[in-house]
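**Q** Sequence:
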Amino acid sequence: MLKLLIYIVVGWILYKLVFEFIIPVYNSTKLVRRQVRDMQQHMREQFEQQQQQQAPPSPPPSPKPRDKGDYIDFEEIK
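Position 44 of the sequence shown, counting from 1, maps to 44 under the numbering used here, and the rest follow consecutively.
Since the hints were derived computationally from the structure, they do not count as laboratory data.
Among the hints, erroneous ones may be present.
Said to hold, decoys possible - Derived Cβ-Cβ restraints for the label pairs, each shown as a range:
id	residue 1	residue 2	range
1	Gln49	Val9	56 to 64 Å
2	Lys30	Met1	52 to 60 Å
3	Ile6	Gln46	55 to 63 Å
Yeah, the Cβ is synthetic: ideal placement off N, Cα and C, and Gly gets one too.
All chains, full assembly: derive it from the sequences and hints.
**A** Structure (structure tokens):
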């Protein structure tokens, strides 16, 4: 009789462990993985869209030639 009672209690504990802890954790993990994968895919698509929308970088503007205007080279006077 005592053995049967122990088996029932152990079975009940295993039942509670499996159905109230292990299965919900498994489902939550699966859901989070799916959401992370979807978010990564979404970010990848956005990145690719941005890459397509950006025009190729234009060459940097050439430097303006310096206007020598009023500049006089220094010459040492002896």
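**Q** Against this structure, judge whether each hint is valid.
**A** For each hint, the structure was consulted:
The hint said 56 to 64 Å for the Cβ distance between Gln49 and Val9, and at roughly 59 Å that hint holds. With their beta carbons about 42 Å apart, Lys30 and Met1 fall outside the hinted range of 52 to 60 Å. Distance hint check: the CB atoms of Ile6 and Gln46 are about 58 Å apart, consistent with the given range 55 to 63 Å.
In summary, the one numbered hint that this structure violates is 2.
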